[in-house]
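Engineer: Sequence:
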Amino acid sequence: MSEVKIIAEVGVNHNGNIDLAQKMIAAAADCGANFVKFQTYITENIVSNSAPKANYQIKNTKPKETQFEMLKKLELGIEDHYQLIKCCKSHGVTFLSSAFDLASLNFLKNTELPLFKIPSGEITNYPYLKAVSAINKPVILSTGMATLEEVERSVKVLLENGLKKHNITILHCNTEYPTPYDDVNLLAMKTLSEKFQVAVGYSDHTIGSEVAIASVALGAIVIEKHFTMDRNLPGPDHKASMEPDEFKAMIQAIRNVEKAISGNGEKIPSRSEIKNISIARKSVYLSQNLDKGTVLKDHHLITLRPGTGISPMRWNDLIGNSINKSLSKGHQITWDDLDL
1 MSEVKIIAEV
11 GVNHNGNIDL
21 AQKMIAAAAD
31 CGANFVKFQT
41 YITENIVSNS
51 APKANYQIKN
61 TKPKETQFEM
71 LKKLELGIED
81 HYQLIKCCKS
91 HGVTFLSSAF
101 DLASLNFLKN
111 TELPLFKIPS
121 GEITNYPYLK
131 AVSAINKPVI
141 LSTGMATLEE
151 VERSVKVLLE
161 NGLKKHNITI
171 LHCNTEYPTP
181 YDDVNLLAMK
191 TLSEKFQVAV
201 GYSDHTIGSE
211 VAIASVALGA
221 IVIEKHFTMD
231 RNLPGPDHKA
241 SMEPDEFKAM
251 IQAIRNVEKA
261 ISGNGEKIPS
271 RSEIKNISIA
281 RKSVYLSQNL
291 DKGTVLKDHH
301 LITLRPGTGI
311 SPMRWNDLIG
321 NSINKSLSKG
331 HQITWDDLDL
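Here the working numbering is used: the first residue of the sequence shown is 1, the next is one more, and so on.
Keep in mind the hints are simulated off the structure, nothing from the lab. Using N, Cα and C, we set each Cβ at its ideal position, and we do this for glycine too. Wrong hints could be hidden among the right ones.
[What the hints assert, rightly or not] BS3-like, lysine-lysine: derived pairs with alpha carbons at most 27 Å apart:
1) K165 / K190
2) K59 / K73
3) K239 / K64
[To be verified] Each pair of labels, with its calculated beta carbon distance range:
4) S270 / K297: 14 to 24 Å
5) E243 / Q332: 51 to 61 Å
6) Q83 / K156: 13 to 23 Å
Sequences and hints are given; from them, build the entire structure.
Structural biologist: Here you go:
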């Protein structure tokens, strides 16, 4: 089993501050993340001046600020990207970014991105999907807000425009920040796996790490989680993000789960427990003193640790046989004690 890939989703949690963004890269690397992901967009290309903000954005930002104004101050420039790519390299993590418009996608195409992440909001954007597939690099498709039919149509576009099926990973996702636990519907991830026969993962917007960890046990090979240095910072996504200590603990838990589900499924004693078999199991002993010739009955016998003698599962094979010598209470009976 290959290692589950962990994406620390910085998104716009850098608050437009490149120094903060670089600190976040260093912190995510220290946590053990494989990728640090940002968002690449030109505000004028993705949102109109009249576009409303989502409720969670209104709650976590200035209420009278428009979505355009909010996004504009969080927009990263070209030089910002190169600086962040360099920073990721220096910390041994891979830079990723989701493009939200075609110009941004074209820009990212000319960087060293190893794969392209399609955000949930672009799953119905035909020109965008067509352009991504033409790049011919692995794609991670996030499916927040989508029906199975919409996912099917988007995958069809990707495949029809040159992307190979083995290069597609689909993330189950819920685009509410934070996602209520009873809205997660984690089994939908398995539905995506069975329907499309591709690798799957989970983009997690819940509070805490439980759901992300559970998704690994259900087969996720990619986990994306929003990352912040401080949930109390201003901005739309901080409240539904995970701070470094929590992120590090989540990754360790995921690595532990990976080990736990890495077996071949055969039910046999493991290497670590074989030594405890004789200690924990029992053998058949005598419950009282017995004279030579006594025919064994149930009340003559008792089961005691250790399990180094006759297994209690052979109990009925002992009953009815006579002993060939006088034996004391507490004796671990052997087949040599019997007239067979």
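Engineer: For each hint, tell me whether it holds in the structure or not.
Structural biologist: Here is how each hint holds up against the structure:
no., hint, result
1, K165 / K190, "holds, 17 Å"
2, K59 / K73, "holds, 18 Å"
3, K239 / K64, "holds, 19 Å"
4, S270 / K297: 14 to 24 Å, "violated, 38 Å"
5, E243 / Q332: 51 to 61 Å, "holds, 58 Å"
6, Q83 / K156: 13 to 23 Å, "violated, 38 Å"
The structure shown violates the earlier hints numbered 4, 6.
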